[in-house]
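Required output: the full structure, derived from the provided sequences and hints.
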Amino acid sequence: MQTTLIYLAVFVAVLVLADTFQRSMRNALERKKFINYRLSLIERDVDRKVIYRQMLKERGIGSRQQQASLEPLRRYIAQSGIRYEGVRSTAYLIALILVLFAMWTFIGFSTLPSFLFALPTSVVFVAAYVARKRSKRIKKFLVQFPDALEVIVRSLAAGHPLPVSISLVAREMPDPIGSEFGILTDELTYGTDVDAGTRNMATRVGAEELNLLAISLTVQRSAGGNLAEILTNLADMVRKRVMMKAKIKAISAEGRMTSWFMLCFPFVLYGIINFLQPRYFEPIWESGNGPIFLTAGGVMMVIGMLILRKIVNFDY
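Position one of the sequence shown corresponds to residue 21 (the working numbering), numbered consecutively onward.
Simulated from the structure, these hints should not be mistaken for laboratory data. Here the structure is a predicted model, which is why all the values come from computation and not from measurement. You may find that some hints are simply not true.
[As the list claims (entries may be wrong)] Straight-line alpha carbon distances no greater than 30 Å define the calculated DSBU-like cross-link-like pairs of lysine-lysine that follow:
#, residue 1, residue 2
1, LYS160, LYS267
2, LYS159, LYS265
3, LYS260, LYS153
4, LYS330, LYS267
5, LYS260, LYS156
6, LYS153, LYS269
7, LYS69, LYS156
8, LYS77, LYS160
9, LYS77, LYS159
10, LYS153, LYS330
11, LYS156, LYS77
12, LYS265, LYS330
13, LYS159, LYS330
14, LYS159, LYS269
15, LYS269, LYS160
16, LYS69, LYS160
17, LYS160, LYS260
18, LYS330, LYS269
19, LYS153, LYS69
20, LYS77, LYS153
21, LYS160, LYS330
22, LYS156, LYS330
23, LYS260, LYS159
[To be verified] Estimated spans, in silico, between C-beta atoms of each pair:
#, residue 1, residue 2, range
24, TYR96, CYS284, 24 to 30 Å
25, LEU136, VAL30, 17 to 23 Å
26, ASN246, ILE323, 49 to 55 Å
Every residue, glycine too, gets a C-beta built ideally from N, C-alpha and C.
Okay, structure coming up:
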């Protein structure tokens with residue numbers, strides 16, 4: 021039974037890898053042809069309202085009225101930019117559970133404990149993947165954000181109204197900022213005011229700097245002032261914040277490397293010893309306590325790595 025499930029897990033993993041490779045190649049070709057995801061959808065379907073609803077639905081949002089009241093988990097997933105694709109996403113999750121089941125079985129657990137360990141382990145893997153995608157997306161958005169503000173400033177200086185300037189960003193800049201400003205453009209077209217639209221975008225993206233944009237637009241509309249100058253100053257401030265984050269990341273690189281070294285070194289050492297002395301760990305496995313020791317050690321190493329990463333991550 022265990023052997024059959026292991027073979028099944030390997031087969032499913034190969035299928036998932038093949039599908040992932042095929043999709044990555046297709047996405048690479050689309051990126052060369054279209055500057056962002058929203059423009060690729062517009063090429064297939066001329067109905068902008070259908071495209072707008074599809075982009076929100078893929079992110080698990082539903083409608084523009086629901087954006088401000090999203091529960092924390094759905095908001096967090098939406099900020100990662102991961103698109104839910106129904107059967108394919110479910111198949112990926114099942115494949116991950118099967119692969120983790122095969123891994124725990126290979127370590128030495130029986131069928132039921134392997135399955136029980138595979139479920140929470142898959143949740144941890146998915147949570148880590150979503151967190152990494154969200155972090156990378158926000159970083160990329162912030163790198164693009166000052167340039168987007170400068171595009172808006174130049175468009176305003178040319179005499180265009182703010183909605184037209186925002187739509188220019190949606191047409192001229194790549195993802196993630198191009199599609200996000202495209203959604204904002206659609207919301208403005210369908211009756212949402214600029215203040216609510218920028219707040220919705222801040223909810224979808226998760227970057228604190230977008231709240232500053234929303235506040236700036238609100239204050240400018242109520243108190244007046246030179247919007248182009250306000251956005252220029254905001255772009256300069258965001259660019260300096262991005263540079264400061266990069267400097268802090270470089271300074272704390274040693275601590276992050278230490279955490280990864282502490283996580284990986286025991287497994288490397290185990291592999292070296294097992295290669296030089298294949299029978300060295302046999303007493304542990306034969307006693308039946310090997311899987312328990314391995315699980316406890318792995319949990320403690322992960323906790324240690326998380327503590328180290330908490331130490332080297334700064335709030336600013």
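To see whether the hints hold, each was checked on the structure:
1. Taking the CA atoms of LYS160 and LYS267, the gap is about 16 Å. The hint holds against a cut of 30 Å.
2. Distance restraint check for LYS159 and LYS265: the Cα-Cα separation of roughly 10 Å lies within the 30 Å cut-off, and the hinted pair is therefore satisfied.
3. Straight-line distance between C-alpha atoms of LYS260 and LYS153 comes to about 23 Å, which keeps the hinted pair within the 30 Å bound.
4. The suggested pairing of LYS330 with LYS267 holds, with an alpha-carbon distance near 18 Å, which does not exceed 30 Å.
5. The hinted pair formed by LYS260 and LYS156 meets the criterion: a straight-line CA distance of about 18 Å does not exceed 30 Å.
6. Restraint check for LYS153 and LYS269: satisfied, since their Cα atoms lie roughly 18 Å apart, inside the 30 Å limit.
7. Proposed proximity of LYS69 and LYS156 is supported: the alpha carbons are some 29 Å apart, at most 30 Å.
8. About 23 Å separates the Cα atoms of LYS77 and LYS160, which keeps this hinted pair within 30 Å; it holds.
9. Between LYS77 and LYS159, the direct Cα distance comes to roughly 24 Å. Compliance with the 30 Å bound is thereby established for this hinted pair.
10. Under the criterion of a C-alpha separation no larger than 30 Å, the hint pairing LYS153 with LYS330 is consistent with the structure, at around 19 Å.
11. With a C-alpha separation of about 22 Å, the suggested pair LYS156 and LYS77 falls inside the 30 Å cut-off, and the hint holds.
12. Between LYS265 and LYS330 the alpha-carbon distance is near 16 Å, which keeps this suggested pair within the 30 Å criterion.
13. The suggested pairing of LYS159 with LYS330 holds, with an alpha-carbon distance near 19 Å, which does not exceed 30 Å.
14. Distance hint between LYS159 and LYS269 is fulfilled; the C-alpha atoms sit about 12 Å from each other, no more than 30 Å.
15. Distance hint between LYS269 and LYS160 is fulfilled; the C-alpha atoms sit about 15 Å from each other, no more than 30 Å.
16. With a C-alpha separation of about 27 Å, the suggested pair LYS69 and LYS160 falls inside the 30 Å cut-off, and the hint holds.
17. Taking the CA atoms of LYS160 and LYS260, the gap is near 15 Å; set against the 30 Å cutoff, the hint holds.
18. Taken as a hint, the LYS330 and LYS269 pair is honoured in the structure, with Cα atoms around 13 Å apart against an allowance of 30 Å.
19. Our distance criterion of 30 Å between C-alpha atoms is met by LYS153 and LYS69, whose separation comes to about 27 Å.
20. Of the supplied pair hints, the one linking LYS77 and LYS153 holds, its CA atoms being roughly 18 Å apart against a limit of 30 Å.
21. Pair hint LYS160 plus LYS330 holds up; C-alpha atoms about 22 Å apart against a cutoff of 30 Å.
22. A C-alpha spacing of about 18 Å is found between LYS156 and LYS330, which places the hinted pair at or below 30 Å, so the restraint holds.
23. Note on LYS260 and LYS159: the hinted pairing holds, with a Cα-Cα distance of about 14 Å set against a maximum of 30 Å.
24. Range check, TYR96 to CYS284: Cβ separation about 28 Å, and the 24 to 30 Å hint holds.
25. Hint check: LEU136 to VAL30, Cβ distance near 21 Å, so the stated range 17 to 23 Å holds.
26. At about 52 Å, the beta-carbon gap between ASN246 and ILE323 stays in the expected band of 49 to 55 Å.
Comparing the model with each earlier hint shows no violations; every hint is respected.
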